[in-house]
Amino acid sequence: MTTITAPTISQRTLLDGIRKIASSYLLRRLAKALFSIWLVTTITFFVIRAMPGSAVDVLMQELTAQGVSPEDARNQAAALMNIDLDQPLASQYLEYLGNVLRGDLGNSYRSAGKPVSKLIAQVLPWTLFSVGLALMITFILGIGLGAIMAYKRDTWIDHLLSNIAATLDAVSPYLIGLLAILLFGITWKLVPIMEMRGAMSSGMKPGFNTAFLVDIFKHVRVLLLVYVLSSIGSWMLQMKSNTVATLGEDYVTVARARGLTDVRILTAYVGRNATLPLFTRLATSVGFVVGGSVLLERLFTYQGVGFLLARSISDRDYPIMQGVFLVITISVIFANLLADYVYGWLDPRVHILGEEN
Amino acid sequence: MYMAGLTLVFIFWEKRIDMHHFYDFITGSWQEIVKTFKILSRNKMGLFGFTMTILIIFMSFGGPLIWPPETSANVAEINKGSSVQHWLGTDFQGQDNLRKVINGGKDIVVIALLTGILSMLIAVIVGSVSAFVGGRVDSILMEFVNIWLTIPKFPLLAVLATVLALKDVVMLSVLMAILDWPALARQVRSQVLSLKSREYIEAATMLDLGTPRIIFRELLPNMMSFIAISTIFEMTHAIYQQTGLVFLGIVPYSSSNWGVMISAAERRGVLFNPHAAWGILAPMAAIVLFQLALVSFARSLDEVFNPRLRTSV
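Top line first, the protein sequences correspond to chains G and A.
Mapping the first sequence onto this note's numbering, position 175 (from 1) lands on 175, and the numbers just tick up by one.
Mapping the second sequence onto this note's numbering, position 282 (from 1) lands on 282, and the numbers just tick up by one.
FYI, nobody ran anything at the bench for these hints, they're computed from the structure.
Using N, Cα and C, we set each Cβ at its ideal position, and we do this for glycine too.
There may be inaccurate statements among the hints.
[Stated by the list, open to error] Listing some non-contacts, in silico: residues in chain G with all C-beta distances to chain A over 12 Å:
#	residue
1	72
2	89
3	122
4	136
5	336
6	346
[Unchecked claim] Here are the simulated DSBU-like pairs of lysine-lysine, each with C-alpha atoms no more than 30 Å apart in a straight line:
#	chain 1	residue 1	chain 2	residue 2
7	A	153	G	32
8	G	114	A	153
9	A	153	G	152
[Said to hold, decoys possible] Just some of the chain A residues that point at chain G, by a computed CB distance under 7 Å:
#	residue
10	145
11	147
12	151
13	154
14	244
15	285
16	288
17	292
Work out the full structure: start from the sequences and follow the hints.
So, in structure tokens, the structure goes:
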């Protein structure tokens, strides 16, 4: 090739590349996720600063009520929330966005001077661990039971499981949690519910060894059970109706006619196609389970972000409240992004449709 | 929201809507409702759910008139089990649990109904405008709804309710409706889109009956079942959120409802006292019963209106 044509080719590939990137499924999802995070940050800013009766105003009132002079109260509230009240609202907003980007979420109001980001970093792993594990168990178990219900439909197994699923789906998660404590901990005395408070026993050194893993599992087991019970119902019902729909498809009939074994039909034909739509639901489910963790972690005194949020709410510790809310939301948005990515990888049709648009 | 309302107003204004469309809508819906109950009376689960829901609503509003709440504590009868005088036992103040449950339903029922109806109202307006107008309005609205759905609602609700320090039942319902409508709007939109392509709607469009007539006479009556089902599911969700807020200590403690009963009992360590279990079980049973009644009613409505579900599943 000559030296004259080479740049034009590379230019064209570059342009093509840019166009491809701009229309890429993953990148559009990423843009959407960033937009959601911006939206949530803005809402938080309004709640703590711009809204009438906002958190800063309430904090100032509380401090004045404690005998602090109005001037000092204003300064203290501003320092806690990490906001310069003397600037116009627009530049306060920009500064707030900058602070959030740097991970600076202000300081706790009750436990004096502790940075909010540090407090959250201490508890976040526990929620990620318990919620993540619960979601995986629920997903696998729900799919399995849903498929059984579809295969055995109109038998007693189906009726029993359907009714259980519908009941579990209807009842609020924290009521299941209360009932679990009452039954397992108090009435039947199966688990030492008082010793299970916290995410691990005091004095336990975090590390990758059996003693530690057994200990954290002991602390999380009832919470895990409640998470699973409270969200498995909708998975089972959804999987059942998906499987029933897939069983009626022509390609399944053809596969049967070809004499393929039931196991092969179930795994390669029915299961795959029935499970696919559930991955999109995984995304919304994350938000629901994390939302429920606020109540359940408070109920089980499990030190995760939900517990921190519940405690900051009852302490009216506004800096922690806004920080935890932001972190919870951002984690859920990233979990959504991950689910979208997995879905795009599992179902290439999404990519192709997205690129055509 | 504002834009959507304006668009709808504009559609009506341009077509010079008159009152008989609304009259048509009412009679059309009424015929649908009568038909529904005829089919429903054959479905056991649905009948149970429906009667139970009506009973709980009547109990919550009528009960306090017949059997008003106790005003003083009864020290001699603290944490008693079930007996002839106290069917559901007594709580940590020695007050009768059954009486407290009967008196504690009103808030829950009112908030559930208000939230369900309000959020469905917003959802129907936004969803049908989105489906009918289409184009850029539709894609912007749906993009917003999709983004909104990724935000976990309960933490947002908890933070907002704390900062706003809501005082009354109506404000809480409005807040929950504002946070919850987008998911419903998406369902309404897809429902309207699928109905829009049916023959009878196409026929109505070809006869040029006008958008308001098509929406009120043809479309909405045929969506009534769907709207009812979604409203009921939203109601159970509202019950969950509201009792959850009470449990976190956000919603004021002034009135005594089922959520407050649970939360007060939990704070007093009733959970760890086997003798006091009735005090927490009674309100829990009331909430669960209400939620189950609503859901089984909604599910049977679903079966009544989706013959496909009756046969294949």
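Here's how the hints hold up against the structure:
The Cβ of residue 72 of chain G lies farther than 12 Å from every Cβ of chain A, with a closest approach of about 22 Å, so its non-interface assignment holds. The beta carbon of residue 89 of chain G is kept farther than 12 Å from every beta carbon of chain A, the shortest such distance being approximately 17 Å. Distance check for residue 122 of chain G against chain A: the nearest CB is about 18 Å away, which clears 12 Å, and the non-interface claim stands. The claim that residue 136 of chain G lies off the interface holds: its Cβ sits roughly 19 Å from the closest Cβ of chain A, which is beyond the 12 Å cut-off.
Non-interface call for residue 336 of chain G relative to chain A: violated, since the shortest CB-CB distance, roughly 5 Å, does not exceed 12 Å. The beta carbon of residue 346 of chain G is kept farther than 12 Å from every beta carbon of chain A, the shortest such distance being approximately 19 Å. Of the pairs offered as hints, the one joining residue 153 of chain A and residue 32 of chain G holds, with about 18 Å between alpha carbons and a cut-off of 30 Å not exceeded. As the CA atoms of residue 114 of chain G and residue 153 of chain A are separated by approximately 27 Å, the hinted pair is consistent with the 30 Å bound.
Taking the CA atoms of residue 153 of chain A and residue 152 of chain G, the gap is about 36 Å. The hint is violated against a cut of 30 Å. Look at residue 145 of chain A: its Cβ only gets to about 12 Å from chain G, farther than 7 Å, so that hint breaks. Taken as an interface hint, residue 147 of chain A checks out: its beta carbon lies about 5 Å from the nearest beta carbon of chain G, inside 7 Å. The interface hint given for residue 151 of chain A holds, since its Cβ lies 6 Å from the closest Cβ of chain G, which is under the 7 Å cut-off.
A cut of 7 Å between beta carbons decides the hint on residue 154 of chain A: the least distance to chain G is about 3 Å, and the hint holds. Taking 7 Å as the C-beta contact cut-off toward chain G, the hint placing residue 244 of chain A at the interface holds, the least distance being around 5 Å. For the restraint placing residue 285 of chain A at the interface with chain G, the shortest Cβ-Cβ distance is roughly 10 Å, beyond the 7 Å limit, so the hint is violated. Because the closest C-beta pair between residue 288 of chain A and chain G is about 5 Å apart, less than 7 Å, the hint holds.
Hint status for residue 292 of chain A relative to chain G: holds, with the closest Cβ pair at about 5 Å, below 7 Å.
Checked against the numbered hints given earlier, this structure breaks hints 5, 9, 10 and 15; the rest are met.
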